[in-house]
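Asker: Chain A is fixed; fit chain B onto it per the hints.
In case you want the letters, here they are:
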Amino acid sequence: MRIEYLFKHKSLLDQFYIFDKIAFMNNILVADRITKQFGNHFALKNVSLEIPRNSIYGLLGPNGAGKTTLIRIINQITYQDSGTILFDGEPLKQHHISMIGYLPEERGLYKSMKVGEQTLYLAQLKGLEKAEAKKRLLFWFERLEIGDWWNKKIHELSKGMAQKIQFIVTVLHEPKLLIFDEPFSGFDPINANIIKEEILRLKEKGTSIIFSTHRMESVEEICEYIALLHNSEKILDGKLSDIKKAYKNNIFKVGMAIKNGEALLKQLSESFQIESSYYDLERAQLEFQIKLPSEDTRSFLTHLSSKGTINNFVETIPSANDIFIRTVQSKSIHE
Amino acid sequence: MNKLGLIIRREYLAKVRNKSFVIMTFLSPILMVGMVVLIAYLTKINDSETRIIAVLNESSFFTTDFNSNENNSYIVLRDLNLEKAKDTTSGLGYYGLLHIPNGNTVEAVANSAYFYSKEAPSNSVLDKLDAIFQDRLRQQKLMELGVSAEEFANIDNRFQINTETFKGQQNLKGINEIKAFIGGGFGYLIMMFIIIYGGFVMRSVIEEKTSRIIEVIISSVKPFQLMMGKIIGTSLAGLTQFAIWIVSATLLLFVVMSFLGIDATGLENTSVMPQGAMSNMAPMTPPTNEMQLYANELFQIPWAMLIFFFMIYFVLGYLIYSSIYAAIGAAVDNETDTQQFIFPIILPLMLAIYVGFFSVFSNPHGPIAVGFSLFPLTSPIVMLMRLPGGIGEGGVPVWQVLASIGLLLGTFIGIVWLAAKIYRIGILMYGKKPSYKELFKWLKY
Chain A
1 MRIEYLFKHK SLLDQFYIFD KIAFMNNILV ADRITKQFGN HFALKNVSLE IPRNSIYGLL
61 GPNGAGKTTL IRIINQITYQ DSGTILFDGE PLKQHHISMI GYLPEERGLY KSMKVGEQTL
121 YLAQLKGLEK AEAKKRLLFW FERLEIGDWW NKKIHELSKG MAQKIQFIVT VLHEPKLLIF
181 DEPFSGFDPI NANIIKEEIL RLKEKGTSII FSTHRMESVE EICEYIALLH NSEKILDGKL
241 SDIKKAYKNN IFKVGMAIKN GEALLKQLSE SFQIESSYYD LERAQLEFQI KLPSEDTRSF
301 LTHLSSKGTI NNFVETIPSA NDIFIRTVQS KSIHE
Chain B
1 MNKLGLIIRR EYLAKVRNKS FVIMTFLSPI LMVGMVVLIA YLTKINDSET RIIAVLNESS
61 FFTTDFNSNE NNSYIVLRDL NLEKAKDTTS GLGYYGLLHI PNGNTVEAVA NSAYFYSKEA
121 PSNSVLDKLD AIFQDRLRQQ KLMELGVSAE EFANIDNRFQ INTETFKGQQ NLKGINEIKA
181 FIGGGFGYLI MMFIIIYGGF VMRSVIEEKT SRIIEVIISS VKPFQLMMGK IIGTSLAGLT
241 QFAIWIVSAT LLLFVVMSFL GIDATGLENT SVMPQGAMSN MAPMTPPTNE MQLYANELFQ
301 IPWAMLIFFF MIYFVLGYLI YSSIYAAIGA AVDNETDTQQ FIFPIILPLM LAIYVGFFSV
361 FSNPHGPIAV GFSLFPLTSP IVMLMRLPGG IGEGGVPVWQ VLASIGLLLG TFIGIVWLAA
421 KIYRIGILMY GKKPSYKELF KWLKY
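Chains as they are written, first to last, in this note's numbering: chain A, 1 to 335; chain B, 1 to 445.
Incorrect hints may have been included.
In silico DSS-like links for lysine-lysine, alpha-carbon gap of 27 Å or less [said to hold, decoys possible]: (1) B:Lys444 / A:Lys93; (2) B:Lys421 / B:Lys444; (3) A:Lys130 / B:Lys444; (4) A:Lys111 / B:Lys222; (5) A:Lys176 / B:Lys3; (6) B:Lys19 / A:Lys111; (7) B:Lys432 / A:Lys111; (8) A:Lys331 / A:Lys239.
If you're looking for bench data, these hints aren't it; they were derived computationally from the structure.
Bound conformation, chain B alone:
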């Protein structure tokens, strides 16, 4: 076996055999799922509480509007003045009191209505009350314009426009958000991986320095070989972790799908059905089948392409960042000294994530999205967020993909070269906390 292979093997085994790696691999998905379940559960508890709201209605309007539902139950108070009503409400421990004074018009009454409560009321309560008033006001206005109550009921039909691409593909409402979310997930995964595994590389370099084995090793191999072996070995360990996660997630997905009664084999067929059938099918799809449709759409996302590009961007992005991490590890003596150097690395990663979530989601092909998906330090994340929309027509232009990969490759070579120079000098330096100025000097040694 050649020396690089030996180093990769050692680094890989050292990582994979580590107890914390094993625990991380099996525990973190459980933690993740547990977290989601916990959050959902907590939200549910929070919302399931029924609030009792007292209503003191002195007007002739709004007599039929307050219907109790699962969240808010309304109790109508009668023959009390406002002060008494307030006392009663707080005495009974109700959530609040809605006071609707008397007036001549609906509008005047609505405008002088007040909600009293012990604490500032929650938004969900206010939204409900607002909606009640708004509906009523609108109805009133329309009636004044001569619209009957029956006609009003017909007006208030929710409407959603049907959309289709030029190629005739049926689009589902919200599918773009889902796609962006998937892209964002990939981007986020890359960021987390770079930060976690870059940190592993850095700590591994520091460990070799503090255990003083470094000089023994580089008297046998070139520092560059050691650095690359370390980076590759560590990333293979990370990929192993990913592979375990992906396989178990896929298994889980199929289990969940069979649980929900979605037929995965049927999906493949519907996606190749004639377009006419598709578009005819959509409007009359009963809501239970909407899930099937979404699942169908999800299967149409070019997963193979996404995973392929994920690998490319992941590998290049990771190599760039982890060689910087290796150089930092070489430059310092212990982990506490790394802070000043780590912040500038994390900065472009955070920037990429924020730009991705705020700009790419709303406009995946806008100038900011394009710029950041070309800039090498952010492209692995931002480009992946754009890619679920496809490549070529309607998606990311082919030249942008090629240009970003090209730029990434060039940067990779340059950064690795610089990092290797710092690494080579740094691993033999002890006892000094280097400054940026010093690192710059090392580049010239």
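One chain only, chain A, in its complex shape:
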């Protein structure tokens, strides 16, 4: 998609809208070849993303991969050197910031300001009218059971309590797109769960959500889409279930009760690759991981069940972390 080119030519742009209407309809945010440089250091290199509407999107990668820079560009805190961003079908502009809610990784509140005053101030900065902001704040305070905090100062609250306030401020203006950078750091497990529930509820109501984290396991279960960033480049993106399917390698975990486990292992290792194995002689229990040549497991299972009782048979699905490591490794081999 040569977006800049099309923007320069208005007539083409109209066509473009028609042709790509579906893409616009489906994506809340489209980033096209974003590059950002700080001095000689590239923070982002040609990163393109499509973030589907009403989805939870995981922006994953180790520290320093460029996640925060990309998020800051989306929030118009910094600006890209090249590349374009479309928000809700329009080129990203200043007025869009009232449609984005952002919970930064480096977050905090004015320590000596009262909770009510502070939240009102931040809500008004996002463009809410005072009366409306107050109404919504009272609703949220009620909901998260913090109603009596209005006149407290932030430094009187615990860190977890302050995080709740921070969350409310982020979502109060009912943005179309919510961006959470390392959202669960600083929350105790109970509060983290409350917040997770609230986020899922917001998604149900139609909000699109970006999660950015280096702790990939923490968001894996709730993300429908992911993108992996590494060394300022996007190395992988797509629907998480598709990616997992693509990255699974027909390794199965087997547990069975068998008298002569070692013999079976020996026999199997002649025709298959055994990843790991453990045989408990006393209890006659065998556990192993095996790589099969195809997804078709029927003949293999028949063979196995003739040898003993199968207790479990599970396909091992790679975690986002595994996928990340494998992708990085395969990339460095190719290079």
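Answerer: Frame of chain A; chain B shown alone:
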């Protein structure tokens, strides 16, 4: 309300509600007045001590010259040699001993006189003694020239020249110093305000960085808006403080004036009296009315003009310096790292004050005064020191005022632009103590 307005409001309220602000506003004038009273009191104590000085006069001269006054009382010793006199003096705990040996001429006697004391004598004592000798020597010389004692008494009349401007305005002795002092006061006020309120802006930026709220805010507003809102809000708080001070000072002034019996309403009338009447009045004004005259002159200083320009120079000067302070606050993580950047800011301010006190006072329209009152980083202070002399004829030329304001405006735009760039990058940088080189690099991001 627009976003800038919201930010200004918050910053203003955050400052004004602060306890230290309230205390500062009401306590510092009291402290200031208290300080002045204390200094005056201490000086008075220091001077009120009467020193007893023994005089051993072996000559035939200076017999009638040592008259005790409130500070020095003289005790004439007789029929003692010098060693005895010294012992007696120190034994009695007197301040010192003046020994005047015998001689043929006044001059020879004066030159061989010695003052002995326990410690090095104070200047005020020596000045008095010097004066006694000097008067006597002069009298002696004049007598030798044939001037009688009565004639001598007539010679020694103090004289002050009467001055008037070309427009016919009566000038009072010392009024120029008073004017310069007022200008200096304004300049000093600006310097103090810039340092104090610039510091407030800087600390406020650092606070937003350390409390990590900065990124939350700049995802809603532009960094430039936040910076300007902060600067404007803080300065409004400062102006509030000023307003309180000025109103209370004016009230105090009127109270003091009614106490001293100066009629403020009468002053307005005398200032528009015909010039002839004025100049006729001056020589025969009794000393009690001199106060009235000074007060009259003070009222003639163009206060409205001064306050108007004070506001202009104050606002522009403050905006320039406080945006630099904001950039510094953004560049560092904590206040201890700010030192290396603050010194270069304070330097031109100090320079302006010193140039003002040493050069502008003695020659308000000299080349140095003109140069520094045009240079944007010093002009707010130096120009204000020149302005009490008026604008136009006899005062600061109009073009210089316009040029300095123009230069100040240009500098303001340039500096704010640069500061905003550093600010924008700096507020998102944590954990690094930046160097000047790094700041320069940020300008290009």
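Asker: Each hint needs a verdict: does it hold in this structure or not?
Answerer: Each hint tested on the structure:
no. : hint                : result
1   : B:Lys444 / A:Lys93  : holds (23 Å)
2   : B:Lys421 / B:Lys444 : holds (9 Å)
3   : A:Lys130 / B:Lys444 : violated (39 Å)
4   : A:Lys111 / B:Lys222 : holds (22 Å)
5   : A:Lys176 / B:Lys3   : holds (21 Å)
6   : B:Lys19 / A:Lys111  : holds (15 Å)
7   : B:Lys432 / A:Lys111 : holds (23 Å)
8   : A:Lys331 / A:Lys239 : holds (20 Å)
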